[in-house]
Amino acid sequence: MTTNATGSVRIEHEVGLHARPSVKLTQLAKTFQSKIEFAASPDGPWVDAKSIVKVMGSKTPKGTMLHFRAEGEDAPEAVRALIELVERDFEPTS
Amino acid sequence: MQTVRLSGTPAAPGLASGPVFRLRSFERSARRTGTADEERGALADALAFAQQALEALSGRNAGDEAATILAFQLALLQDEEITRPSYAHIAAGEPAHNAWRKVLDPLIEDYEAAEDHYFRGRASDLRDLRDRVLEALLGGGEQAIPPGAIVLADDLAPSRFLAADWSGGGLVLEKGGTTGHVAILARSRGVPMLVGVDLSRIGTCDEALLDGHEGSLVLAPDASLRQEFERRRATWAQQAREEAQHLDVEARMANGECVQVLINVARPEELSGIDPQHVDGIGLVRTEFLFRGREQLPDEEEQYRVYRYIVQWAAGRPVTIRTLDAGGDKPIPGLTREHESNPFLGVRGVRLSLRRPDVLIVQLRALARAAVHGDLKVMVPMVTTPHELAQCRALLEQAVQQLLDAGVAAQLPPIGMMVEVPAAALSLDAFDADFYSIGSNDLLQYLTAVSRDEAELTALSVPGPAFWRILRGMTQHGRDVKCEVSLCGDLASDVRHVPELLRCGLRTLSVAPGALAAVKTAVSRSA
Chain A
1 MTTNATGSVR
11 IEHEVGLHAR
21 PSVKLTQLAK
31 TFQSKIEFAA
41 SPDGPWVDAK
51 SIVKVMGSKT
61 PKGTMLHFRA
71 EGEDAPEAVR
81 ALIELVERDF
91 EPTS
Chain B
1001 MQTVRLSGTP
1011 AAPGLASGPV
1021 FRLRSFERSA
1031 RRTGTADEER
1041 GALADALAFA
1051 QQALEALSGR
1061 NAGDEAATIL
1071 AFQLALLQDE
1081 EITRPSYAHI
1091 AAGEPAHNAW
1101 RKVLDPLIED
1111 YEAAEDHYFR
1121 GRASDLRDLR
1131 DRVLEALLGG
1141 GEQAIPPGAI
1151 VLADDLAPSR
1161 FLAADWSGGG
1171 LVLEKGGTTG
1181 HVAILARSRG
1191 VPMLVGVDLS
1201 RIGTCDEALL
1211 DGHEGSLVLA
1221 PDASLRQEFE
1231 RRRATWAQQA
1241 REEAQHLDVE
1251 ARMANGECVQ
1261 VLINVARPEE
1271 LSGIDPQHVD
1281 GIGLVRTEFL
1291 FRGREQLPDE
1301 EEQYRVYRYI
1311 VQWAAGRPVT
1321 IRTLDAGGDK
1331 PIPGLTREHE
1341 SNPFLGVRGV
1351 RLSLRRPDVL
1361 IVQLRALARA
1371 AVHGDLKVMV
1381 PMVTTPHELA
1391 QCRALLEQAV
1401 QQLLDAGVAA
1411 QLPPIGMMVE
1421 VPAAALSLDA
1431 FDADFYSIGS
1441 NDLLQYLTAV
1451 SRDEAELTAL
1461 SVPGPAFWRI
1471 LRGMTQHGRD
1481 VKCEVSLCGD
1491 LASDVRHVPE
1501 LLRCGLRTLS
1511 VAPGALAAVK
1521 TAVSRSA
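Heads up: the sequence lines are chains A and B, in that order.
Start counting the first sequence at 1; every next residue gets the next number (this note's numbering).
Start counting the second sequence at 1001; every next residue gets the next number (this note's numbering).
Simulated from the structure, these hints should not be mistaken for laboratory data.
Treat the hints with care, as some may be off.
[Stated by the list, open to error] Think about it this way: if two alpha-carbon atoms lie no more than 35 angstroms apart in a straight line, the pair counts; the simulated DSBU-like pairs of lysine-lysine are:
(1) A/35 / A/54
(2) A/59 / B/1330
(3) A/30 / A/62
(4) A/59 / A/35
(5) B/1482 / A/54
(6) A/35 / B/1102
(7) B/1330 / A/62
(8) B/1175 / A/54
(9) B/1102 / A/62
(10) B/1102 / B/1175
(11) B/1482 / A/59
(12) B/1330 / B/1175
(13) B/1330 / A/30
(14) A/35 / A/62
(15) A/54 / A/30
(16) B/1482 / B/1330
(17) A/30 / A/59
(18) B/1482 / A/62
Let the hints inform the model, and build the full structure from the sequences given.
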């Protein structure tokens, strides 16, 4: 069954979406079946969260409100997991 | 081919001889292309090959900055935004290598044109990845660097350096500097290396002799040159063997007195090639590497992690970390003053830090947090008056208090000063410092009024009676008040000066990692 999910979180990581945070974000996004996108504004433009080229290309700075949206069977789990990743500053779960 | 002798700048010491391996420049290489299906297969193979190589590298370089770079390249390699258009170009009739370039080149240009310094820096990662795949396409195995070769190249990516087996081999680059990333790696892994060698007109040849001490490269040597080189190598190897025996023992002078020999570190990567058992600690960690070449200054967390890594590496041995020493010959955009009429006499070191407490406090907080993990000391550069050091101490104490109040683990580390300004060197008793470390490079420059980069005047900037007299005064003060006085400038790494430094009363030297064995040996031969 396909569901939709959305959520937002402010990115507090000092450098914004640089290489390390971007790699973590795409790695996590790829563990979900759903199509996952994010944007710096609720009405886009939307960026494919599974593409490192797109995520780094967004050049998102610190303090940006990241809006996630997902579509697919595991959409709610995907959005929750990604928000948690940003909230714990891209650190691995301890 | 006739014997050719080329000279360059020594970037890592040592002698190497062996077969010449010229790394191809991709623009000039030709590749036989097949049908669209074959090309698709060729690209898929090359991508898989590159991925394997990157994964093997990540396994060997886990945990440090290199791991982030490799993870980024791996993620790019697996990104459909890159692979899909590449295969589309092939379907449209392009050979695989052109298809790959057509996707990567615009991306590289885009990063190169970025306003943000950080993103511009990532262009080199993309180039590294582009070339890795191109190389796999252009005949894979052939371009793998053979073990033990003398490698001649325009430039070399750090990941390629890390992937090669350098045992017995050496590296000669047309571009690159002695302080570049590859040069640092070469020094820490003991690979002889030269930079700035004009390779444009050399023909094909089989054999080369590389001397990383005097900075020479001999191509197609004749028998007598080879013999002479072997003699030099034997002497050097014998000397290195003798010196290496001093590495894992305490440095003791002939009279039995112990001398602490520590190392200077400019980048944490250097530590991976050094055995902590061979050192008495780290006498100087330069922190400029954290601040240089980036858009945003490093935050407390990033700094804390780096300092903690270094302190944990030292495993209980003392680690002296110098607060940011920007200015002079180390400008940092957005931080140091531009167009100072004389930057070495300008707003640099602690003078700049006290004018930018926002930057200094972040660093002091990170240091106080890392102090919990070992024997960390904080050193303040370019101190001229007691008040400057007192201000830094007050800020450090305040930072510790605030961390503790917030429930963050922190500890007040000892705070000392780098002695570089003659006015300070002549009045150590006026300073409330927990230790003194002599920065001989700047102290000599200020004492002799000779610029450090004035090649014509090097004969004037050697230590003379005035320098030794000041040095004796400082070590005497240290003994009087039982306070450590060490020396962390280049002088300590130069074995010719070691006996005199010891005669002046110094018992703690901090040296370049590459000079460790030689300095310990020189100490053991000093009366």
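Hints versus structure:
no. : hint            : verdict
1   : A/35 / A/54     : 14 angstroms, holds
2   : A/59 / B/1330   : 28 angstroms, holds
3   : A/30 / A/62     : 23 angstroms, holds
4   : A/59 / A/35     : 21 angstroms, holds
5   : B/1482 / A/54   : 60 angstroms, violated
6   : A/35 / B/1102   : 27 angstroms, holds
7   : B/1330 / A/62   : 27 angstroms, holds
8   : B/1175 / A/54   : 32 angstroms, holds
9   : B/1102 / A/62   : 32 angstroms, holds
10  : B/1102 / B/1175 : 26 angstroms, holds
11  : B/1482 / A/59   : 54 angstroms, violated
12  : B/1330 / B/1175 : 21 angstroms, holds
13  : B/1330 / A/30   : 42 angstroms, violated
14  : A/35 / A/62     : 25 angstroms, holds
15  : A/54 / A/30     : 14 angstroms, holds
16  : B/1482 / B/1330 : 34 angstroms, holds
17  : A/30 / A/59     : 20 angstroms, holds
18  : B/1482 / A/62   : 48 angstroms, violated
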